[in-house]
Structure formats: structure tokens, C-alpha cells
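Remember, the working numbering sits 315 above the position in the first sequence when you count from 1.
Note that these hints are calculated values from the structure, not bench results.
Bear in mind the structure is a predicted one, so any value in this text is a computation, not a measurement.
A couple of the hints might just be wrong.
Ranges of calculated distance between the beta carbons of each label pair, as one might list FRET restraints [to be verified]:
1) Val1161 x Ser818: 50 to 56 Å
2) Pro1151 x Glu926: 55 to 61 Å
3) Gly355 x Thr601: 49 to 55 Å
4) Glu852 x Ser818: 36 to 42 Å
5) Ile974 x Glu669: 54 to 60 Å
6) Ala418 x Gln1054: 52 to 58 Å
7) Glu1095 x Ala1018: 43 to 49 Å
8) Lys572 x Ala623: 40 to 46 Å
Restricting the straight-line Cα-Cα distance to at most 30 Å, the calculated cross-link-like pairs of lysine-lysine (BS3-like) are [as the list claims (entries may be wrong)]:
9) Lys1005 x Lys969
10) Lys1002 x Lys969
11) Lys377 x Lys341
Heads up, the beta-carbon is just placed ideally off N, CA and C, and yes, glycines get one too.
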Amino acid sequence: DAEHTFEAPNPAGPLADPERVGGRPKLFLLDMFPYPSGAGLHVGHPLGYIGTDVFGRYRRMKGFNVLHALGYDAFGLPAEQYAIETGTHPQVRTEQNIVNYRAQLRRLGLAHDPRRSVSTTDESYYRWTQWIFLQIFESWYDRDLARARPIAELREELAAGTRATPDGRPWAEFTPVEQRRLIDDHRLAYIAEAPVNWCPGLGTVLANEEVTAEGRSDRGNYPVFRRSMRQWMMRITAYADRLIDDLDRLDWPESIKTMQRNWIGRSHGATVAFTSGAGPIEVFTTRADTLFGATFMVLAPEHPMVDALTAPAWPERTRPLWTGLHPTPAAAVAAYRAAAAAKTDLARQAEDREKTGVFTGSFAVNPANGDLIPIFVADYVLMGYGTGAVMAVPGQDERDWEFAERYGLRIVRTVQPPDDWEGRAYLGEGPAINSASATLDLNGLSVEEAKAAIASWLEANGHGRATTTYRLRDWLFSRQRYWGEPFPIVYDDTGLPIGLPESMLPVTLPPLDDFRPRALDPDDATSEPELPLSRVEWWACAELDLGDGPRLYERELNVMPQWAGSCWYELRYLDPTNENRFVDPEVERYWMGPVAPGDPGGVDLYVGGVEHAVLHLLYARLWHKVLFDLGHVSSSEPYRRLFNQGYILAAAYKDEREIYVEAEEVEPHADGTFSYQGRPVVREWGKMGKSLKNAVGPDDIYADYGADTLRLYEMSMGPFDTSRPWSTRDIVGYYRFLQRLWRNLVDERTGAIRVVDAPADDETLRLLHRTMDAVAADYEALHFNTAVAKLIELNNHLTRVATGGVPREVAEPLVLMMAPVTPHLAEELWASLGQPGSLAYEPFPVADPT
RNA sequence: GCCCGAGUGGCGGAAUGGCAGACGCGGCGGACUCAAAAUCCGCUGUCCGCAAGGACGUGUGGGUUCGACUCCCACCUCGGGCACCA
């Protein structure tokens, strides 16, 4: 039955077919699944899908049990934005879009297992997204064991006294609410009042990863404001080390690994305590060796100690430059803080990095030499990194040098620069200088030696210790929108969150006609988010029996971010109809389990664009690691091998207002210029899509040339990992090739097969075997463009020599070798050659070694 | 500024130490046709030459090697990522 050709058997569970699993090797192939946008597919979308399909078909012919499926990532802002633009409900819109996508993709002949095509918006899917959320909510990170554990175990340890409470009080003396708060503070999914990215234009807060360097929203390009709000967070920082270290075990492009490493931003250094009138001020530094050169301190404006450090009056002879002409330090600090708070990240960028700050009126003691050093507040120090305070060493830090110059602060070099050094702060290697006291002498030591020496001195004297900090922040996980997974969380009258029992899942998204976020002024930082789900009064407050009789609870009214569903979809592909578990453990072990010591396991090949380097690919790793820690999966990473396919680029045209015009309607001129509706436009190349108005739909291509030609063309345009410009004109060459191939094997007038049983000549045989070798190697290496070139060569040779008919011993392997790229044509030829059934599982031709 | 990646005909690209330009587009010429399309055959890096043939040629400059698109050094250009992260 052709309908079931590409159904991959599981070893267990509802899709089990142990006989067909047999002793075959397996291949789990995965594409980054699409958002089913209303605009439909363009020819750039399926490039990756075709590539994985060719590879999957090839491996199937090599005897592999291949799992290849495609689902839909349909929750989230893009789907909702589109629904708002078209005035249709997201539910309706999403269903229509998926139907449309399925139809368009079906024509491409992708060998997917249709039983496994899930949508993140299906109740049967997001029930498990909520279930996994609860697993995360009900877990904490045990730093000693470096893994997540069930929260119940933390409660037991606290109750038994084997783990101390933060303030040392016995657990039994905590009130029930205090106990819950303490537990909640340890959860991997937790609620916190924290600085977040508030985007009024989208009506929601956003994750750091969704905000551009310009301080605008990744989607829609609206301004984003830093603001403190109470939100759900995921404790991704607990996993920072493992997320970095385990990259070494992954077969991923080095560039993506580097991006993740940079995003996590691990720095080894030391925290050093400086004594002050308000108590010790902790700073983080990667250059503790320069401690003798710390001539002032700087705190972020939001630093909690700023108030306590603000002196009642200016010390005598404080320079006007330091006071900003304010009568008191308090006035100066208040004015500076107000100015800093009013700035968006955008404004901070626009200021061109000019360092500003204000003196607090108080001093700290440099522990190395006992010097009294002034304490400043300045916004070039960020509260979100390290301790939010720095020891300023202008001699060895460019930013501190700039600040010191501007405010006339002392500069002491503690590393000897080369003789010809004409620069300012010196960051390079050199012997330590000016770095000795009665108890410590670093002079003459190299940077590394000095770091080691001072680390032990700090530790021994109680002034500090070695520490590691990360740029990575916890993941902001709630959104003030409608079209997302509801949290499986309710609140009782304490206002503390309660995870719903598994029996109450799914918490279905209630129908809501007025799903739009309230229109807010995108530039108004002070506006408040409004939760669309709060409009559903019957739902927002629910009577539930959570074990102590029916009571009223408030539901969580935020929804999950669009990334939630994509954090685990590959696992659901494995066991899409399982109603008892998100995935059967045996099924997961079969498809994703580690195959050797040191192998993290995971999907065998994951193909997608580079744009998810620090979003989806980081979040999915986090979820997977939590599931691994809790024993729900055997693989410690979701994606063993990652491959970034290139993009299809297309010419885009901008008019004199810098606005893109419909590329299809642009007219080229003989002199190389272009015009649109009579006005001149300028050409550029960019990723095909709606925003550049340069999308080419697949339907015309299907109509003119057929799906096989489109597949063949996209695979031939260039290396799989390289972006390449679309050129409709070039397609005809591959169409001609397929026609030539057809005519070589089939008489066009009679429809009779042009295959002869006579043996092929030696030259043809040699070429055939060379081709079999090379094409297999190319498919294996994802070098589809060169595989096609070699098949064309073989066919061109046959066109020349086999005028009386093609020997069967050449025709059959040629058709089989074509099958991964052009399956429709190959199947037809295979049938014409008198072969029964599909060639999908025919062995791929193997070259005769002689 | 820092970190990646890439520069080869008119165009997309091939060759990863061994005949540079496979394969495709486009172009030129020819066959078939009343004609056109389709198809088939031949040519198509640049320069000199009627030709045979010769010289030059993989961003630029150097180096390693019997031999370099390929390896090394420096630079230029383009693309991507990060960017007050202490």
C-alpha cells in the first residue's frame, strides 16, 4: 500500500512493528519544523526538506530504518500577528494554514511518515508541553551533583535536616507559607520580579534572545524597554556549564557552537571584597592581578548598595566635575539614576559610549594596598552582569581609562607595556609593576602567575575567592498574549503557584473571540501589559479539587512563549499517539539513545537555518537536559548532529524611499538598471521572503516543470550549506536533463522501453561504476549538487553511445541512483523497466570493486 | 573594535597538493523545419594568431613544494555573528 511506504516502524508502543525494525540500522532525520504562515510556501522554504528527503531516501535504499516526519510550530507571535492582520481567529487561521502547507509540501514528494506530523497547537500535543513544564516546575538544580532533581527530594532533605536552610533555622520552625516560598525559590521554573524586556508594540515581554542589538523586538521591530516586572523564568543559568561543556561532544558547525559559547559567556575570574562604610562591596574581575591598579570603584545605578553608600554631604574640596554641581551626593545620585532609567537600551547605544557617572561622596579600601578609592555610580557598569560593581583599573581597562580621563582619576599601570607602547590602557602580556605591599609582592610576575598568586592571597586573607560568571540570564518564559500554551498553574489565596496534577491536563486554551492584545503606544515605556486570558472570567477563576476538597483558585493568565512547543517536538515525533507518556522510553532509546561511551545521543541529523543558533537550539537543549536528569530520556542532548543549510536568495528591489517593491513586477533594462512602475529601483540580494517582497511560489514551477525538476534544481544550485540566488531561468537545464533521461530509456512515440539485454561496452561500464561510487559518496556527504552533475554526465554519455537502446545493466542502476532526487520519475521508469512495486527499498547500486 | 566564513569564466558553481573551470544557465554556429518552438550536434576563460600553436589566468603581495584554487604569512574586499560583559 503506497500510503504506508514511508511509515517508520517503532520497536514498541502504538506504532510498533518489531519485525520491520529487525536488525536494520536506524536513522532519525529531522528538519526544523515550519510556522505555518498565511503567505504559504515559497521555493526557499523546502530547500532543507528536499535535502533531508534525498538523504533519507538514499539511506533507506542502504537498508536503514529511516524516521522522517514534519510537524508544525503553530503557537506564538507570528501566527497570532497574522491572525490579527487578517481578522481571523488564530485557531481557524492556523488550521487553514496547516492544510495549505500540507497540500503544498505533499506535491514535493517528501517521504515523511504522515502519522507523526504533529502540531504544537494540538491539545494532544500541548498537554505534554504542559506536562514537561510541570516536570521543570517540580525540579530544582542540585549544584553538588550538577543535575536536576525532583523538588520533593529537596523538601525531604530540608525536613530531615540533611540540608540546611539559608538562615539556619530548623525547617519545622518555618510557617507553611515560608516553606513554600523557600521551595519556590529553588524551582527550575519560578516567578520573579526581575528586569525584563517590555515591548508595548507587541503588548508582551520578550526574552533577551528575542531583542536585537538595537534594543528592538526581533519581530515587528518595535522599541523594547527595560523594566522590572513579575514574570515566569526558567533557571537556564543553572545549566550554563553543561550547556557549554557538552558542545564539545556535538557534531555541530563550529560557528554555531561559538555563538552559543559567546551567548552563555563564561568568564573565569575572582570576586574581591572592598570594605566601605556601608559594608563590603563585592566586585567581579577577570584581572585580579591588576588589583594594585584599582584606583576607583564603579557601581551600576541600580546597585542595591548605592543608597547606603551615598554620603550625606560632599567631602571637602570635591571637584565640581564629580558632583555634577548638585548640592549633595543624594541629589546628584538621584538625578543620575533618573536620567539612566529614562534611557532605553536604544538611547544608551546612540550615545556613542561616552562614559558618564557621578561621585557618591564615599570611599572604599583597596584590600591590596589599603588605599582609599572614590566610589562612583555610572551606567557603563551593568547590574545584570557579575555583581553590578567593578574595581576600576584604568591602566589595564579601556573603559576605566576613558572614565578616569574624563573625571581626572589616578591611573596606575600594573603591567609593564612594551617600550614602543603609545596606547592608553594596556591589555597585553608583561611583567607586573607597582604591585607590592607589606604582605604581597607580584612585581615581575607574568599575568598568569600574578593571577594565581593573588588568588591564593585573596583566599587566605578573606578578601575574595575564585569565581565564574556568565553573560547568560535566566530565560523569561511568560508572554502576555493569547495564542500560546496555558500554564498548568493555579494560585491559592497565598498567591503562591501550585502545579496542577497530571490528571487535570491538558489545561485547554479557552475560546476567546476578542483575542487581540489591547493596542498600546509602542513608544510608551510606562504602559502596562494586559492579559488577554483575563477576559475569560469563567476560566480565570476555577473551582478545583486538589486533594482537600473543592476550592476556588486563580489560574495563571500568562501563556508560554512560542519556543515552548519546539523544545521537545522531536521526542513527540517518536511516539505521537502515545496517550500515557510523552514518549515511550524504549522508543526514545531506540531512536535517540547514545550509541557509544561519550556519545550524548540525540537526533542523527538535524537540518535547519542558522537563525536559531541561540534561541531554539539553546532552549531545546535545556529542556532535554532536564528530562535527561529526571530519567525521562536516555539521551543527554537532543541533536547529536546539526547541519545548517544555506538559504535561497533572490533579487530584491528598493525604490528611492528605501522601500521594497514587488520583485516580480520590476523591469530590467539593457543598461543594467531596473525600474518599477516607471520609477528607478536598486537591486540587492537577500533571503527570499515576504519582507523583501521577492518570494517565488512553487505552484508555477510545479505547473511548468513538475516537482522532480524543482527538487533536482534546488539540489543542484550549489553546496547544501551555502546560500544561493534563485534563478528561474536556470531550471530549464534540469528539465532538459530529465527529458533526455526519459528519452534514453523510453521511446517517445511508441512508449516502448528502449532497454536492451546486450552487455554494455567497457567504457560505459567503467563510467557506470565510477558514477555509482561517486554518487553514493556524495549522497552520504550531503553533496547533492555534485551527485547530480555525475548523473548528468552518465546520462550524457548514454545519449552519445547508446543510440540503439540502453543496456539493462546500466539502465537499472541509473534509475535507482536518480530515485533519491527525482523519486516520481524514477518510480515511473522503474515500473517501465518491468519491476514490480516501489523502488524505495531497493538496494542502492554498489560499484564492482574490479 | 573582536570572533567566524567566503573571494575561481558573462552567471550559479566543480576541483582540498597532481591536466583549473566538471555539471547547468547564457552566448555563438550548425542539423531538422516553409517557419518557429522543441530536440540534436559542435564551439564557448582572456590575449596574440588565418591556422597550427603560444602567452597569461583562481581577490592582492610574499613564502613552502618537483608541483599550490588547495598549505603558511601579510593585506584588500564582501557576508555573518558579537559588541560598555569588568
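Check the structure against each numbered hint from earlier and tell me which ones fail, lowest number first. 2, 4, 5, 6, 7
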